[in-house]
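Single-letter residue listing:
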Amino acid sequence: MARDPRYDVLFEPVKIGPVTARNRFYQVPHCNGMGRGYPSSMAEMRRVKAEGGWAVVCTEEVEIHPSGDNSPWAGGRLWDDQDIPILARMCDGIHEFGSLAGIELNHSGRMAANRYSREAPLAPSPIPVSSHDPVQARAMDKSDIRALRAWHRAAALRAQRAGFDVVYVYAGHHLSTIAHFLSRRHNHRSDEYGGSLENRARLFREVLEDTIEAVGDTCAVAVRFSVDELLGPDGITRDGEGRELIEMLGELPDLWDVNISDWANDSATSRFKSEGFQTDYISFVKSVTTKPVVGVGRFTSPDTMVSLIKNGIVDFIGAARPSIADPFLPRKIEEGRPEDIRECIGCNVCVSGDQHFVPIRCTQNPTMGEEWRRGWHPDRIAPKASDKSVLIVGAGPAGLEAARALGERGYQVTIADEADRAGGRVAQEARLPGLSEWGRVADHRLYRISQMANVDLFCESEMTAATITEFGADHVVLATGSTWTRDGRGRANPAGIAVLEDKHILTPDDIMSGAAPEGPVVLFDDDHYYMGGLIAEKLRNAGHDVTLVTPATEVSAWTVDTLEQHAIQSRLMALGVGIVTAHNMTGLSDGAATLRCIYSGQTRQIVCSTFIPVTMRMPRDDLARALRKLDNPPPFAVIGDALAPGTIAAAVHAGHQFAREFGEPPADGVSFRRELIELGQWPAT
Amino acid sequence: MPRDSRYDILFEPVQIGPVTAPNRFYQVPHCNGMGHQYPSSMAEMRGVKAEGGWGVVNTEEVEISHTSELSGVIESRLWDDADIPVLAKMVDKIHAHGALAGIEPAHLGAGAANNYSREIPMGPSARPIDLMEPVHTRAMDKADIRAFRKMHVDAALRSKKAGFDIIYVYAGHDMTTLMHFLSHTRNDRTDEYGGSLENRVRLLREVLEDTKEAVGDTCAIAIRLAVDELKGEDGISAKVQGREIVEMLAELPDLWDVNVSGWENDSAPSRFSEEGFQNDYIRFVKSVTSKPVVGVGRFTSPDTMVSMIKGGVMDLIGAARPSIADPFLPKKIAEGRIEDIRECIGCNICVTGDFLCAPMRCTQNPTMGEEWRKGWHPERIAPKSADESVLVVGAGPAGLEAARALGQRGYDVTLAEAGNKVGGRVAVESDLPGLSQWRRVADYREYQISQMPNVNLYLNSALTAEQVLEFEADHVAIVTGSKWAANGIGRTNRLAIPTIADATILTPDDICAGKPATGPVIVFDDDYYYMGGLMAEKLRMEGHEVTYVTPAADVSHWTHNTMEQGRIQTRLMELGVNIVPLHNLVGIDADSVELACMYTDRRQTLACRTLVPVTMRDPVAKLFREITTAQDGAERAGPRSLSLIGDCLAPGTIAAAVYGGHRYARELGEPPFDGVPFRRELPLLAAD
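Chains as they are written, first to last, in the working numbering: chain A, 1 to 685; chain B, 1001 to 1688.
In case anyone wonders, no lab produced these hints; they're calculated from the structure.
Note that this is a predicted model, so its numbers are computed, not measured.
There may be inaccurate statements among the hints.
SDA-like cross-link-like pairs, simulated, lysine to any residue; straight-line CA separation at most 20 angstroms [said to hold, decoys possible]: (1) A:Lys629 to B:Ala1143; (2) B:Lys1161 to B:Asp1080; (3) B:Lys1483 to A:Ala139; (4) B:Lys1142 to A:Asp668.
I would like the entire structure built from these sequences, with the hints used as guidance.
In structure tokens:
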């Protein structure tokens, strides 16, 4: 189908200094947990985005020197010529599809503890590094500043050699030495690099000029700059120094890539921010410079994109997360099938990969990070290997994805769910406060399935071992999910929590199904992801007296890895939820919960009329057990939460994996490709 | 010098199944943050230990399958044949010195999130994994148990192929599936692998038998077992189940490597446990088995080691940390120079490498992890490149190490210290509660220097810029340390905390110097390592009312990485220190401070007569600046080089200071580095 002409503006080429982007879709730099550590995985992921229509595809931040060493974070690295081949591989893949390759060179200064290089970190003024490592950055003297400029210049030249078309100077997210120099809070210098904004911007200007001089003849030189830190008068603001700086340097770079800082603000989740949340902060930029402007805001709607261009907010639609959830987003618009777009749900599971130093994952796109190592493509899948039919029991995220992907392969698929609508846990959880966009996981798959003649979905269809057998499918998939346990069993209490009388106990499943608590509620969060905090929020919103108890030292502790922890705990405190951290819950009797300090072992009691354990989930495996008892059960597999409860991302991945592997020869040994470290010679030759 | 004959017993060979250890020094498996990620660094580090006389040198835990992996934590890996060369390189390094190479294959079960492979972890029962990750294990069925046993057999066969002499079966530290099966709180199975202890031991026995059958003809099969979890009746204990397990399997393995669990108990720091702290738990083992027994206890004294053997506690002196602090410990005993031993101080900085997924470091041994990439050897150093003199100003950890290593190179070294004793911050901090062993950093170096005619130490010798220049040394190193800031600037407050003039503020330096505090005392910890917690502990023990305030969620937050956090916070709570986490300190008045919640910014006021801010340290570089100024335009030539080293360059750990001093000594007179100052090994790009 031809694209809708109203989207034509998105496909206009845009000149960026000496190079030209073929359209307005711009993948801004984003981390991915692969980088230098899993180089072909990284390169192929970027290549697939170029194939999917992104006109500019950038790296993550790329270290330029061992004194800015972010190990173990697996970002990019360009310390010397040894690092060029990895990045050249990425460029080659991007160029295959006529896209431009961009690189975000960075010296991290006090953001890097230099754990691997063991060099002393550098900063405008002496300050501890940003992590809690017992390391302080030293103040840079003039020779250090000269060295930093030389490193940037050398890295720009190496980037040019690797084949990059767009070379960044990075002053965003508080993550670079250049950004630290700009900041009044970090820069206490009294020389010409400190004091006035002009002085604090001096290093930025110098590096920009150096980079233009070094590679500006063939490469566009871009700037990434946070125009507002959301710190009010203590920080850079769009009305204050954010604007002044762009006025100062407006025409110097070939492109302005602007956003808000810090990273948690820039990559805010859908639980806290909507599409386009940055627009008000960055809309002034185009009035100050004639150079093309890139902005982000988790844009997935082509109509919103068009309005941003037409209203003169940005020239390029910047995207990190939407390009992860759907690397083929531009192509789907171009091919007149915008309804096929797999929209980002804003959960930030992608960020958790980087935080754990492992390859990125995505809830919506199970092929993310798997492009090279498993050969999974986000828009292509092998045709079926046989004419077998498949019955899938359970239309949650795993079941729906399995059905969709099997359907794409051409299998005859029937998917049955006992509920009155599909989606499983996604349908339930999307109704929790702030999670409505999570419904997209089901929406995308339901739409795709609805377009397939070979996939039939039946709701309100509870299956038993007998009806499954009777159905007669060649293969059965059990994707029946999991249920939250009622007995408090989990990490802190492996044998469960002693309950001395029949108390009012509700699980998250009960609450999501509409059950109401009585009296003061004690919620015990031994799960540490979002559920405990959300149930507390929901009940508090409904007016209940709620205390959240957790053995961790913070609420929803794992959400540090999705950049949400601060926002979650702040919200619960603002709502008036009682919070008791660093305590285990060891018993429940006489209207009181017994809490035990994880350090001192001291116990105390708090009033509890309704107890909500959020501790672990049990797989719903009764169908599997029933099938196993049959004399001649049909071949079946258990996938997703029904096998082992995890994230929605894990469930979708499991569904996809099943569909990919169905009918294929089983993998023997390690089921994906690896690139191992090449052993050096010893002694040196 | 020949070795003292009373230590002869330590050098007796010990038969371990089909192989023979050349002596009783046994480097037990230990992590190192290098493993599969920095393979030649790992291999060379192990090789140096063999060179230093350890009769057995083991790997860290080695993942045996992609279905149980710890990424991004860096261990070793033996998923398939592709991983053999890295481990074979390690084996070759060890064999080159006549030592035995051991490997610890491990399946981590609920201890691993499989964040890289994305496989579902498995264990005896369906549970959330131990890490705080949104991942559950699935319960292993019979097919899984068969697959699990095969993984171990495959790993054993690959280990043999790589050349290993000793192959472990690992049921320790509450970290492996085999130990999870043993635990009645983790294993609620109703089949023959759950229930009675005999049933719970079944899998361990099977894997032992499988391994023995697969490779036992040429390789020794060792078992690593935690005989006590220090959990009383809730866990395995040396008196009950620990003993019963050893009794059940007594003669099956060729060697018993026994310890206490979890890891934070096994590798307890000197702040909380003494040398030999595990003896009472493990001494029963030798009475139950005739097989050789390895035990650990951070042993650095050869006399203690001898008594361990003679007292029948163990047959082999196990060591992880002492072998890190001094890879040449056995050789020094063998050569009759035990006073040269660089004793482990028990700070657990080594452990942080593993936790932070970076190559290991050591406070005492600055060459640890640098053997391959920088070519640093713990005992050898290049001779001086010129007949030059060096003036080192400041005898703290960096200055002492610089002087020692320069002295070893043959330079003419003068070490000037303003105070009346050496050690700098080490001398001060080792007087704090529990840190007395940290003094070894200074003691070792002071002794070494005392043996060098070319190094002269002068105490009570504060120098001015003029005196430094008059001294006319060829090279001057300024090593004047740092001072704790009094203005509250740090991570959370980038500008000074607003202060009323007559507030009483004492820094940790003031407290350590004996300045009296008056209560109530507020300790504000924006530093997160040990100092804030120690200030609170010391002042509370002196009887003051103490409140500890920190923007972090717990006390001494970074000590999670040294496995001390739980003990530190517990101790403070037991002492009655009031703890206010998740608050910044935003205002200081004469008799109160204002705190702000990190989330809501809600303010509260606390009474305070003495504030102890523990936020950051200011480098003491005044002398350096004065020398630079004095030299500007001076006619006198001045030194060929003037350098800042250690905390006066950038305050950090004692380990970083020692490293800074060592690096200065290594690099003096050598051609400067252009580019990356060490060798690297990168991933080999696939052909397609």
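Status of each hint after checking the structure:
This hinted pair checks out: A:Lys629 and B:Ala1143 have alpha carbons roughly 16 angstroms apart, not beyond 20 angstroms. With a C-alpha separation of about 12 angstroms, the suggested pair B:Lys1161 and B:Asp1080 falls inside the 20 angstroms cut-off, and the hint holds. The hinted pair formed by B:Lys1483 and A:Ala139 meets the criterion: a straight-line CA distance of about 16 angstroms does not exceed 20 angstroms. Annotation: proposed proximity of B:Lys1142 to A:Asp668 holds, straight-line Cα distance about 19 angstroms (limit 20 angstroms).
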